[in-house]
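Read top to bottom, the protein sequences are chains A, B and C.
If you count the first sequence from 1, you need to add 708 to reach the numbering used here.
If you count the second sequence from 1, you need to add 708 to reach the numbering used here.
If you count the third sequence from 1, you need to add 708 to reach the numbering used here.
Please note: incorrect hints may appear among the correct ones.
Copies of the same chain look alike in the list, so a pair counts if it works inside one copy or between any two.
[Claimed, not checked] With a straight-line cut-off of 35 Å between C-alpha atoms, the simulated DSBU-like cross-links for lysine-lysine are: (1) 824 <-> 839; (2) 839 <-> 787; (3) 859 <-> 799; (4) 746 <-> 811; (5) 746 <-> 813; (6) 799 <-> 746; (7) 859 <-> 746; (8) 746 <-> 710; (9) 861 <-> 746; (10) 861 <-> 809; (11) 1025 <-> 746; (12) 853 <-> 839; (13) 1025 <-> 861; (14) 861 <-> 824; (15) 853 <-> 824; (16) 799 <-> 853; (17) 859 <-> 710; (18) 813 <-> 839; (19) 861 <-> 710; (20) 824 <-> 809; (21) 953 <-> 787; (22) 859 <-> 787; (23) 861 <-> 799.
It should be emphasised that the hints constitute simulated quantities derived from the structure, not laboratory data.
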Amino acid sequence: MKIGTIASHSALNIISGAKAEGFHTQLYCRPNRIPFYKSFGLEDSIVEVDSFEQILEMDLSDVVLIPHGSFVTYIGAQKLLNSDLRLFGNKELLRWEENRKLKSKLMVEAGFTVPKEYSSLGEINGPVIAKTHGAAGGRGYFVAKNTDWAKEKMNPSVDYILQEYIVGTKVFVTYFNSLTRNRTEVFSADIRYETDIDSSLRFNDEPTFTVIGNLPLVLRESILAEYFDMGVAFVEAFHRLCNQKIPGPFCIETVIDREQQIYTFEFSGRIVAGTNVWIPSSPYSYLQHGEPVWMGRRIAIEIRELIEQNQLDEVLK
Amino acid sequence: MKIGTIASHSALNIISGAKAEGFHTQLYCRPNRIPFYKSFGLEDSIVEVDSFEQILEMDLSDVVLIPHGSFVTYIGAQKLLNSDLRLFGNKELLRWEENRKLKSKLMVEAGFTVPKEYSSLGEINGPVIAKTHGAAGGRGYFVAKNTDWAKEKMNPSVDYILQEYIVGTKVFVTYFNSLTRNRTEVFSADIRYETDIDSSLRFNDEPTFTVIGNLPLVLRESILAEYFDMGVAFVEAFHRLCNQKIPGPFCIETVIDREQQIYTFEFSGRIVAGTNVWIPSSPYSYLQHGEPVWMGRRIAIEIRELIEQNQLDEVLK
Amino acid sequence: MKIGTIASHSALNIISGAKAEGFHTQLYCRPNRIPFYKSFGLEDSIVEVDSFEQILEMDLSDVVLIPHGSFVTYIGAQKLLNSDLRLFGNKELLRWEENRKLKSKLMVEAGFTVPKEYSSLGEINGPVIAKTHGAAGGRGYFVAKNTDWAKEKMNPSVDYILQEYIVGTKVFVTYFNSLTRNRTEVFSADIRYETDIDSSLRFNDEPTFTVIGNLPLVLRESILAEYFDMGVAFVEAFHRLCNQKIPGPFCIETVIDREQQIYTFEFSGRIVAGTNVWIPSSPYSYLQHGEPVWMGRRIAIEIRELIEQNQLDEVLK
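Could you put the whole structure together from the sequences, leaning on the hints where they help?
What follows is the structure, encoded as structure tokens:
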């Protein structure tokens, strides 16, 4: 059994973790990125492909694929769901994540406080963020202080999602749900570093939110405990709604306002790039495991344990 | 001899460090947080309590308690000082920390530059921060650019502490003062991540300063050397004033202004949550020890060495 | 063969790395900083000097010197270039770095997008940064939103370098170019933490840019791959222009704007202080080496391999 992924997003994290646990690995890599991945000593893992979609046509029956943020972008959720690929992650969760209404339903079921959604400008009372459908990395978003400001900024030909804008600190928390150990682990916290909202200086009032990278964050212990409860609640809510388990990593994306209220605005049902900041270990993973365990390695440990317990096939179906 | 603490603030840090050094541990934990601490593999350490105050009534004669920021909040300084608890840390320093005038006296004795305190609005010439007594996590603070602005913001029924507001970068530096090795070590630096002052966008001019977490920081080496000198000066100043030693961790809380002047506005005479960001090691602790040593482990190493040198009882009295 | 450096900037990083690889070390240290460096366990390495310039008169024929940012500041580029010191680093690159026109030529040859330079205010169309010659740590810089604003701020008696000011996120990427392994490695990314531009609050519009420290950053993997290509291009461009190799560390200093365009505004042909944040390892160095390798250790590994391959003398000449 090999572990594989496409060469983008968190592939270095995933492949190195699989190698550390002794797995054979496959990194599906486009020609222009081969020197980059080779510089990390991954030459033996590289399988050259012209486009990532090509993996849909390959025989990958002996490969556990670890999906990350580039899978949906480059291959598409529907093609992934229809494929025979053996994905480590819940395919039904991927469907809920892709659908805005289902996504919201799951967050509410988990008891999260979510920003209000508006169906028209008239309902807005306070700062608002306008998102465009399928925007990558926050491009095309804008924030307005109030209705008047929003009216000025809106492009009439664009169909926006209007959401309450929460003024507060960005906090992204990653979890690992272990089926073999029957527990939810808080893996790490991070902050997205975004252009040009995180510039030292800006001279206009329409910031962009394109993710450039991630910054490590450690949470106040009482707040971390709240996030732990949220992670557990998320797993349980999905089980209530779908009668299915969530294997492995997921992320809850939040803002904490001045009243210390946590608002959840998104989730990801798979590894996120924020975990890259915590290689070879986060404070939390180090305490849990007593040695350097980054997310890619955590995944590989779980897969090894699923194999030992003869549960892998059930998880991958 | 066991090492114990109450389950909050930096308990994960402390207990895991004690375990790494082979100590038996006790984590006094309220029922609702047991699943959280269990998820870090600490089930064997947990001693369930209904409230943290309960430890005052327990027989903890074989436990070295490591005080952290939640001790004073949940139990109270006076009760701690009057108790028979065997605290690793200087009780007299705790008293100085609790008393605003003594606190200021110690910082001045150490040669630190401190922000001016004003007794009335009339004295203010520049930005000012107004703090309320006993405010937790910066709640209720406000910053004003000048006297006029301050006048508008002040609630006449509140008794404020008015302090010069230093515009500059936040820098929190943690130290470990080792009695067995007779040296002061710089342990780490960090930045507090605060709501909603650290929001990407804010639409009002009354930010809040509630600590949400901490960010890792490494200082310019020449500035780090200045902070080292400050740490040594702090230990010496306390010795001059009280003829006592400071065992273990303390933190100096500063802002560096545009002239590179370091202003000290607070200190903590015990472990601070900022050290949580540096698990399993900070750059500085790694260089000092040549292996992963986080603050909880550093404390446990010191306690072991104090036991070996028959000095522990003297330190704990 | 010993490894040495002057006691400032990244000396802790360099000396500890050399010791970890088994080298004898020399740390040229002024008297007032001896207690600081001793607190890191470096007493055996310290060679006391009254001023760093003194090393020009010492017999250091058995020492490989690792130059860092304080060498030029305290000793001067010309004196270094004229000396017999055995510097690990390319002296010709040091000359190009010191000369503003050569510096720019190299960045353009490498294919980097660089901010426009203006020779007069009249050419300015947008935000501008005005730098003064030889300014240390960004002191004396200012930023103006447009020409009118710039006019107001300029001191007529100062000769400014006027440069397009790019609104975007700061990104500093460090590389290690290995001659023995014939590859360019991305070592790490960081963000400079600067006074008082990185203050939470400012009440004037003339921020300062004095570097206080560094913050760890991990880049989006696709952006990291772009930076990898830039590092390779930099090494190749220097080879085309000078027919010489770059041994060891260098840094490319950039801003990413809202269109995700990377602008390069500086480079350093030696270790930078930003690598201090990644002790004992960065995510990237950990993946490359499978164990904790910080920059000082990476340098020492290369020197050992150069000795084994009888290439060291050629590199140091």
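So, going through the hints one by one against the coordinates:
Proximity of residue 824 and residue 839 under a CA criterion of 35 Å is satisfied in both settings, with 13 Å inside one chain copy and 33 Å between copies. When the C-alpha separation of residue 839 and residue 787 is checked against a cutoff of 35 Å, the pair qualifies only within one copy, where the shortest distance is 25 Å, while the shortest distance between copies is 53 Å. Taking the shortest alpha-carbon separations for residue 859 and residue 799, neither the intra-copy value of 39 Å nor the inter-copy value of 58 Å comes in at or below 35 Å. Taking the closest pair of Cα atoms, residue 746 and residue 811 come within 35 Å of each other only across two copies (29 Å); inside a single copy the shortest separation is 38 Å, beyond that limit.
In the homo-oligomer, the alpha carbons of residue 746 and residue 813 lie at most 35 Å apart only across protomers (29 Å), although the nearest pairing inside one protomer, at 43 Å, exceeds that limit. For the identical chains of this complex, residue 799 and residue 746 are neighbours both inside a copy (31 Å) and across copies (29 Å), given an alpha-carbon limit of 35 Å. When the C-alpha separation of residue 859 and residue 746 is checked against a cutoff of 35 Å, the pair qualifies neither within a copy, at 50 Å, nor between copies, at 50 Å. With identical chains, the CA atoms of residue 746 and residue 710 are at most 35 Å apart both within one copy (19 Å) and between copies (32 Å).
Taking the shortest Cα distances, residue 861 and residue 746 never come within 35 Å of each other, neither inside one copy (45 Å) nor across copies (49 Å). Within a single copy, residue 861 and residue 809 get their C-alpha atoms as close as 26 Å, which meets the 35 Å cut-off; across copies the closest is 43 Å, which misses it. Taking the shortest Cα distances, residue 1025 and residue 746 sit within 35 Å of each other both inside one copy (32 Å) and across copies (31 Å). For the homomeric pair residue 853 and residue 839, the shortest alpha-carbon distances inside one copy (15 Å) and between copies (28 Å) are both at most 35 Å.
For a Cα distance limit of 35 Å, the shortest separation of residue 1025 from residue 861 qualifies neither inside one copy, at 46 Å, nor across copies, at 61 Å. For the identical chains of this complex, residue 861 and residue 824 are neighbours both inside a copy (20 Å) and across copies (30 Å), given an alpha-carbon limit of 35 Å. For the identical chains of this complex, residue 853 and residue 824 are neighbours both inside a copy (15 Å) and across copies (34 Å), given an alpha-carbon limit of 35 Å. In this homomeric assembly, residue 799 and residue 853 never come within 35 Å of each other (Cα to Cα): the closest approach is 38 Å inside a single copy and 49 Å across copies.
For the identical chains of this complex, residue 859 and residue 710 are neighbours neither inside a copy (53 Å) nor across copies (64 Å), given an alpha-carbon limit of 35 Å. Taking the shortest Cα distances, residue 813 and residue 839 sit within 35 Å of each other inside one copy (19 Å), while across copies they are farther apart (42 Å). Within a single copy, residue 861 and residue 710 get their C-alpha atoms no closer than 50 Å, and across copies no closer than 62 Å, so neither meets the 35 Å cut-off. For a Cα distance limit of 35 Å, the shortest separation of residue 824 from residue 809 inside one copy, 13 Å, qualifies, whereas the shortest one across copies, 47 Å, does not.
Taking the shortest alpha-carbon separations for residue 953 and residue 787, only the intra-copy value of 22 Å comes in at or below 35 Å, while the best inter-copy value is 48 Å. Neither within a single protomer nor between protomers do residue 859 and residue 787 lie at most 35 Å apart by alpha-carbon distance, with minima of 38 Å and 58 Å respectively. For the homomeric pair residue 861 and residue 799, neither the shortest alpha-carbon distance inside one copy (37 Å) nor that between copies (53 Å) is at most 35 Å.
The structure fails to meet hints 3, 7, 9, 13, 16, 17, 19, 22 and 23 from the earlier list, while all remaining hints are met.
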